[in-house]
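K.L.:
Quick mapping for you: the protein sequence lines, in order, are chains F, Z, D, H, G, L and V. Numbered per this note's numbering, the first sequence spans residues 50 to 850. Numbered per this note's numbering, the second sequence spans residues 320 to 413. Numbered per this note's numbering, the third sequence spans residues 1116 to 1287. Numbered per this note's numbering, the fourth sequence spans residues 5 to 116. Numbered per this note's numbering, the fifth sequence spans residues -7 to 489. Numbered per this note's numbering, the sixth sequence spans residues 34 to 169. Numbered per this note's numbering, the seventh sequence spans residues 17 to 156.
Take these hints with a grain of salt, some might be off.
Claimed, not checked - The list that follows gives simulated cross-link-like pairs (lysine to any residue, SDA-like), each with its CA atoms no further than 25 Å apart:
1. G:Lys437 - F:Val761
2. F:Lys104 - F:Ala115
3. L:Lys133 - L:Arg64
4. F:Lys204 - G:Ile427
5. F:Lys673 - H:Ile11
Think of the hints as simulated: they come from the structure by calculation, not from any bench.
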Amino acid sequence: MLVVLGVFFPFAMAAVIPLLYRVVPDRRIGWFVAAVPLVLFAGLVSILPRIASGKTANVTVPWIPAAGIDLSFHIDGLSMIFGLLITGVGALVVLYSIYYLSQRESLGHFYAYILLFMGAMLGVVFSDNLMVLYAFWELTSISSFLLIAFWYHRKGSRYGARKSMLITVFGGIGMLAGFLMLYSMTGTFSIRETIALAPALKSEPLYLAAMILVMLGAFTKSAQFPFHIWLPDAMEAPTPVSAYLHSATMVKAGIYLIARFTPVFGGEAAWFWTVSLVGIITLLWGSFNAVKQNDLKALLAYSTISQLGLIMSLLGFGSAALSAGAGSDRVLFAQAGFAALFYMVNHSTFKGLLFMIVGIVDHELGTRDIRRLGGLMALMPVSFTLAVIGSFSMAGLPPFNGFLGKEMFFEAAVAISSGNPFAEGGASALFPVIGWVASVFTFIYCMIIVYRTFLGPRQPEKVDRLPHEAPKGMLVSPIILALFVVGIFFFPNLAGAYVIGPAMPAVFPTLSGEPGLVPHIRAWHGINTPLLMTLGVITAGIILFITLRHWRRIYRLPPFRWNLDAVYRGLIGGTEAGSTLITKRYMTGNLRDYFVYIYVFFLAAAGGSLFLTGAFKPDFHMEKIAAYEVAYVLIMSFAALAMPFVKSRITATLLNGVLGYSIAIFFIYFRAPDLALTQTVIETVTTVLFLLCFRFLPDWKPERAPARTKIVNGLIAVGAGVLVTGFALTVKGYDVFNSISGYFEDAYTLAGGNNIVNAILGDFRAFDTMLEVVVLFIAGIGVYTLIVLKAKKGGGDIEGK
Amino acid sequence: MVNTLMLIALILFSFTIVIAVYRIIRGPSKPDRVIALDMIGVNLLASIAVVSCLLETKAFMEVILILGILSFIGTIAFSKYIERGVIVERRHNR
Amino acid sequence: MNKFRKNGETGATAGQFLLNLFIAFLWMLLLDEDEFRVTTFAAGFIVGIFIVFFMHRFFGTQFYLRRLFAIVKLVFIFNRELVKSSWSVIGQILSPRLTIRPGIFRYDTVLESEGEVTTLSLLLTLTPGSVVMEVTEDGRGLYIHAMDIENSKEALIVQLKNFEKAIMEVTR
Amino acid sequence: MEVHMIILTGVLVTVAVYLLLSRNMIRMILGTAVLSHAVHLLLITMGGAAGGNVPLLGESDGPYVDALPQALILTAIVISFATTAFLLVLAYRTYEETGTDDLSYLRRVRRE
Amino acid sequence: MNNILVLPMVVPLLTGFVLFFLRPSVKAQKLVASLSLLSLTAISVRLLLKVRDEGILRLDFGGWKPPFGILFVGDSFAALLVLTTSVVSGLILFYAFAATERRHENMFFYPFSFFLVAGVNGSFLTGDLFNLFVCFEVMLLASYVLVTLGGGRAQLAESVKYVAINVVASWFFLVALAFLYGTVGTLNMAHISVRVAEAGQGPLLSAIAVIFLIVFALKAGLLLYFWLPGSYSVPPAPVAALFGALLTKVGVYAMFRVFTLIFYHDAAITHGLIGAMAVLTLAGGSLGAIAYKDIRVIASYNVVIAVGFMLLGLAVFNEAAFQGSVYYLIHDMVIKALLFLAVGSMVVLTGESRIDRMSGLIRNYPVLGWLFFITMLSLAGIPPFSGFIGKVYTGLGAVEGGNYWLLLAGFLSSLFVLYSLLRIFMNCFWGETIITPEEQRPLNKKKLIPLSLLGALTLALGIGTQAIAPFVADAAHVLAHPELYIDAVLGEVPPGE
Amino acid sequence: MNADTIVEYAAAILMVTGGLMSLVSAIGLFRLPDVYTRSHAATKSSTLAVLLTLLGGFLYFWALERFISVRLLLGIIFVFLTAPVAGHVIIRAAHRSGVKLADISKKDELAEAKERLWQEQERNRLEKEMKHGSDG
Amino acid sequence: MKGNDVILRTVSRIVVFIILTFGVELFLSGHNDPGGGFIGGLVLSSALVLLYVVYDIETVHEGVPLDFKKVAAFGAMLAVLSGTASAVLGKPFLSQTFGYFDLPIFGVTELATVTIFEAGVALTVIGTVETIILSISKDV
Ligand code: NA
Ligand code: NA
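Based on the sequences and whatever the hints tell you, model everything.
P.N.:
See below:
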C-alpha cells in the first residue's frame, strides 16, 4: 500500500503546490517540493535490503477491473534502480532549482509539473499493468511537454515542446498497439503474467509485430536514432528539467521498457539486432554530432542521445544471453545487461552533474554558446572542478565511474562480436569498432566542454555580465553528484550488489541464480582489449581534439551534414501543405460538388452492390396497363423533363405543380384518397410558398456552366434515375414476405375507425403523427425566426455575450 | 360499353392535359401558363370523377371538391403574383 | 371596423342566422345520410355556430330564399346562353381559318350592388366568348374582352341586358 | 401495373438530380421538391398497390390495398412540406444577406 | 408498463412547448429549462438502472403489439446514450444561459434546443425504422433552425448547404425504406431482422443495406462529411456544441443499430465498405484538421475523425470493438461539447477565429487554457481521460479481429488529432500575450462552470470507467447478439408472421 | 334495357361529351392567337366540359346505387362559382401586367382608358410639383 | 387605372365558407372516410390562404385576430399531451380509446380520444401554415 501512496504522493503534492504557492509565493516553495522525492527516496532505501535479497513489493488497487486494468504496482530490483534515480536525482534537481530559477518565474506551475512528472515516472517503473504503465508513460510525455514549454512565450520552447510531444506520443501510441497485441495473445495486462507466458508467445503471429511496436515506444522515448531529434530541441526547457527529465530519468523510460521486456522478447534475433543496432548507431551518431554543437546544452543533448544508444546497445547485447545455451557465454552476454544498468546509473550522475554546471554557466553569463565562452576557470573554480569530474567521467577516464562503465561496454562489445548466437557473417564485429569510434568522439566533446568553457582565453566582450562563482546552494547538488561519480569508481561493487545486481533476475529470469551474473567490478583488470581500446580512445581523442579546427569541415559534407531534423520539418511542413492542398481541392464549399460526391458514391456503392453482386433481377411483369395511366406517365415525364430547361422560374413552379397534381391522380389509381387529398393541398400551399418567396429572389438566369460540367451532371442524374429504377424493378420482383398490413384491416374492431389509413395515422402509428406535427411546428416557428431574427448589421458572424 | 366510353373520356381528358402542359412549357406569357395550369386542374378533377365511376367508389369525391377549391386558390395566387409580384400584402394599397 | 360590410345591410343578425342555416344544410348534405334527420341538421347547426362565430367579422352575404323562383329562372336563362355561346366558340376554334377579331369594350351596367355586379360578371364570363376584365372603381363600368368583337358585340349586349333583367328580378 | 410507375420514378429522379446539381438556389430547391414527388411515388409503388380496394372499411369490401405505405407517405409528404418551406425561406434570406442566389458563389462567403 | 421509456423524448418536447409560451420571460424559461434538464437526467439514470435490473425494456405505443405499432426499445446502448445526451445537453444549455444573446433567447433558442434533444433521444430509443426517420426529422428541423438562428452571411451560406444535403439524405432514407418495405413488408426493426435472417439477407437486401449505409453515413459524416465542417463551424458556440456532441452520434448510433441488428449477414459487402469508409474518413478528417487555421473548422474536422474512429468498431465487428465504440461514443459526446464550447468561448473572447490572430491567451484565461489542454489530451485518447478506454477496446477489437489496417488508421489519426489541437493550444494559448488586461474581455463564471464540469466529466469518465463498464459491456453484448434484442421485442409475438 | 342502364349510358355519354369539349378547348389553347382569346377556350369551354362530366358522374352514382353525391353537386357549384372568377382574374392580370393583345384584335378600350388615366395622373403630379415648387 | 376587386371578393366570401365547412367536415369524418386532422387542418388553412390572397394581412387579422404561432404550439402540445394523458392513467403512451355515447343533440355518437389528438394535429397545421405565410409576407 505504501507503494501506491508513494506513486500518488507526488500527484497529491502537484495538486497542492499551486495552491500553496499562493501562500508562499517565492522560492521557498521549493523546499516543500524537495521534501517529496527525499521522503520517497528514503522510503525506497528503507526497503532496498528487502529488494536486494530478491523479494518484491506488490500491491493492487482495482481501477477498471472490468477491463483488467488495475493499479497494480510491483517493485523489484529493476524498478528499484529507476525508483532510486527518479527520487534521488529528483531531490537534487529540486534543490538545485531552488537557486536556479528566478523568483519571477511561475514557480507554482514549475513545481507542479515536476511533481507530476515524478509521479508519472514512478508510475511507469512500478506499474505491473501494461495499460497503467502506458497511462503513466503518456503522462511523462505530457509533463515533459509542459516543462519544455515552460517559457511558452518563446518560439523555440514551443517548437521543442511540440516536437517532443509528437514524437513521444507517436511512439506511445505504437507501444499501446503493441501492448494490445500482447494482450490478445496472453489475455492479461499484467507484465509479470505476460513474462510467465512468454515462451508460449514466440509462435504467435502477432509476436513480431508486438515486439516492433514495443521497441517503437522505447526508442522514441529514449531518443534513439532516428527518433532522437526531439531531444536537442527539448533543451529549451529550464536546465533543471534537462538534467532531470532529459538526461537522468524520462529518457531512460525506454531503457526501462527494453529491460523490462527482455524476458518477453529477448533471445529473438529480431530483438537482438534491432536493439543493438539502433543503440550502436545512436551512440555513434549522437557522439559524432555532439562534437559540432556550439550550444553547451545541445552538446549535452547529443551526448545524452549517444549514451542512451550505448545503454540500449548493451541491453541488446545482453538479450543474446536468453537464447544462448547454458555455458559461460550466456553469463558473459548477460553481463552486458548488467553493464547497461550500471552505465545508466553512472550516466545519471555525471550527466546530471554536467547539466547543472552548464546551468550555472548559463545562469552566470546568460549564454551557453561556447564561441562566447572561455577562461572561466579562474572565476568559477568550483564549477570548473565539477565540470572536469563530470566530463572526464563521461569521457571514460579514471578515477571516475564513467571509466568503469566504458570498460564494461568495450568488454561486452568485444564479447558479442565473437560467438554471439545470432552472428551472421561478421556483422557483429562492427559493434566494438563502432563503439570505439563513438568513444573517440565522446572523448572529444568532453574535452570541448572543459576546454572551451573553462580554459582558453576569456571573451568578456561577447558576454554582457561579469561571471561569479555560483551561489553555494546551487553547488550543493552538483557536488553531491560528483561525490557519487567518484564514489562509485571506488566502491563499484556496493552499487553492483545492492542496486544493479538485484535487477538482473528481472531482466534475465531464466538465468537467475547463475554464478557470475553479477560480475565483480574492478577498476584494474590487467591489460586487456578494453583497456587497450580505452588507451586508443584517449590517444585518438587528444589528436583529433587538437586538430578539430582542421577536420571540422567534414560536418559540411554529406552524409555527415545530414540532419534528420530537416526530415521532421519536411514531414510536418509537407503534411500541413499537402493536407491543405488536398483538403481545399475537394472541400470546395460548392454545394454542387458535394451533391456530385454523394451521388457518385451512391452510384458506385449502391449501384455496384446491385449490379455487380447479381442482385439485379428486374421484374417487368405487368397485370394490366391502362392507356390513361400511360398518358399520365407521359404527362409527368414531359412536365418533369421540361423543368430544367424552361426559362422562367414561374414556369418551373407551374410544372412542379403539374407534377404534384398528377401525383395526386396516381394516388387515386393506387386507391389512396387521403393521399390524394393531402397531396393536392400541400402542392397548392407549396406553390403559394414558392410564389411568396419569389418576391425576394431574382428570376433565374440561364444555367451557365461548362459543357463538361453539364455532361457530368447529366450522366449522374441519368445514373441515379436508372439506379433507382433498377432497384425498384428488382424489389418489385422480390416476393418472399407478406406485408404486416393485413392486421390493420381490423381497424374498426381494433381502433374504431373505418378509414384504415386514418386509423394507422391516429392510432396504430400515432406516434409518427405526433412527431410529424412537432416537425411541422418547428418548421413553422423556424421560418418565423429566420425571417424576424436577422443578423446585426456589420456585426460579423461572431456573436455572443 | 359504359366502361369503354368512360375510358375514352379519360383519354380525352389526358390529351387535354398534355396540350396544357405543352402550353405551360411554351408560354409565351405567364398568364398563358397559369391558364394552362388551371385547365389541368379542372381536367384532373373531371378525370377523377370518371375514375370514380370506373372504380365504382365514392372515396374520391372529397378529392374532386378539394381539387376544385385548390385549383381556384392556385390560379388566384398565380394571377396576383403576375399582377403585383406579391401575393399576400400587408395592407392593400387602395 | 369591419371592412366587409360596405353597403348598409339589413340586419347583420338575420344574415348570420341565414348563413348558419345554410351551413347546417350543407352539413346535412355532406353527411350523405339516407334520410333527413333533425339531429343531423342540429349538429350541422352547431358546427355552423362555430364557423360563423369564428368568421363572424367576415359575414356580409345576403341570402334570399324567397326569390328561389327568380333564381331558377336566372339559371335557365344562363344555361341557354351558355349552350348558345359555347357552340359559337367551338365553331370558331374548329373553323379551318381563324376569322375572329377580338377586342375590349366597355359596358356600363344599370346594376348597383356588389352582389348584382358580381353575378352579372360571373354569368357573362361563364358564357364563352366574353370575359370581364375590369370593373371600374365606381363599380358600374365593365371592361369586357370579346372573342369576336365584330360579329358578336351586339349579341353580347343583348345577352347582358337579359342577364341584368333576370338578376334584378332576384335582387329587387 | 407498376412498371411504368417505376420508370416514371426514374425519370423524376433524373430530373430532380439534374436540378439539384444546378447553381441556382431555386433550381436546387425545385430539385428537392421533385425528389420528394419521386420518393412518394416510389413508396406507394413499392408498397405493392396492385389489386385491392380503397382501404375504407365502410366504403368497399376487401381485399384492400396496403394501407401502411399510404400512412407513411402522408407523414413523408408533411415532412417534406415542412422542409421545403424552411429551405425556401432560407434561400431568400441567404440571398438577402449574401446578395447572390448562385450556390457556386456561396463558397466564397466567409466572415465579413 | 414502461412509460418511462418515452419520457426522454416527451419531457423535452413538452418543455419545448412550455418554453415557447414562456417567451416573454427569459428568467422563467431558464428556470423551467433547468428543472427539465435535471429531471431528464434523473429519468435517464432511472432508465439505465431499470434496464440493468429488468433487461431490455420496450414500450408499445398505444398498446399495439409489435410489429404492428411503433415502439421504443431501451437497451443499455440506447440508455447510456440517452443519459449522456441528457447530461451533456444539460451542461451545454447551462453554458448557453450565459452565452446566448437576449434576442436569440427571445427567438425560441431554448425550445429549439429541447426539440433537438427530443429528436436525438427519440432516435436512440425507437425500435421502428420509419419512426427513426421521423425522429431524425425532428432533430434535423430543430438543427436547421438552430444553425440559421440569427445568422449572418457566412452562417446562412453554410446553412443552405447543410439543409440541402440533409434533405437529400432524408430522401435517401425514404428510398431505402421504400425498398426495404417492398421486400420485407415490415417496419419494426426486430421484425425486419427476423425476416432478413429468414431470407438469408441475399444480394438484394445487401444492396438495400448499402443505401441505408449511405443515409446514415450522410447523417454521421462517415466519408460523406463534406457538409459537416462548414456547417459546424458557423453557428454560435452552444449550437455548435450541441451539433458536435449529439448530431453525428445519432447517425453513428443508427448505423450500429441497423448493421448489428438487421444487416449483419453479408459482412464482406457492408462491413467491408464501412471499414473502408471509416479509414477514408479518418484520413480526410486528419488532413482537414491540420489544413485550416480557423479553430472552429479544426474542431469540426475533429468531429469527422471521431466518426471514423467510432465506426472502426462496427467494421471490426466483434464485442470488444463494440465496447470500444460505445465507450468512445459516450466520451466523444462529452468531449466534443467541451471542445466546441471552449473554441466558441475563444472566438467570442477574442473576436477572432484564426490561430494566427490569437496568442498567449493562457495568461488572460488560464482556466480556459487548461480546459482546452485537457480537451486536447482527452481527444487524443491519452489516459486517464475518457478517450482512452474506447481507444483501448477498439484497438483490442481490431487486433482480435485481425483488422490491422483499421488499427493503424485509428491510432495514427489520434496523432493528427493531437497535432491539430496542439496547433491551437500552442498558437492561441501560448506565445506572447497580446491582450492587455485593460482590453481583456471577462470570461463569465457562468460559462466557466459548465466548461469545468465537462472537463471534470471527461476526467471522471476516464478515472471512473468502472462505474459504467457493466453497462457498456451489456450494450456491446446486445449488439453482438441481435437475438437478445429480437427476443425482447418480439418475445410475445410468433416470428414469421 | 332498364332506366338505370339508360341513365348510365347517358352519364357515360355526358362524360365523353365533356371529354370532347375539353379537347376542343385544348385545341383552342393550341390555335388561338393570344392569351386573351386562349383564356376563352380554356376557362370556359373546359369548365363546361367539366360540368358535364361531373353531372355524368352524379347521374352514374345515382343510377348505380341511388346515391346523391353532395360532394359532386358541391363540386359543380364550386366550379360554376369559381371558374369565371379565375378566368377574370387571370385575364385581368394579363392585361395589367402588360401582355399584348394579338395583332388581329380590333380595339382595346381598356388600354385607352388606362392611357388616359395615366396621363391624368401625370398631369396631377406635375401640377403638384409646380405647387410645391412655388411654395418652397 | 385601378380596378375593382369586387368580383373576386364577393365570390371569395362565399367560397371561403364552403371551404371552411368542408374543412370541418373533413376533419371530423376522417375516422371513417378520407380526411382527418391533417387534411382538415390543411383545408381550413387554405381557406385562410385564400382570404390572405384576396384581401390583405391586416384586414384578415382584424377578422381572425389570432396569433397563429400560439395556435400551432397549442396544437402540437395538445397532440403530445393527449398521448401523455393515457400514460398518466397507467396505459401505454398514446393509447386511444373510443366508445359510443348518447348525446342530447347529436344522438348516439362515436367519441374517440383520437379526436383530441386529431384536433391538435389540425390546429398545428393551421397555425404552422399561417405562420409561415404571414412571416414571409410581412417580411418587406
Ligand atoms: Na401522418
Ligand atoms: Na497565434
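K.L.:
Of all the hints numbered above, which does this structure not satisfy? Sort the numbers upward.
P.N.:
1 and 2
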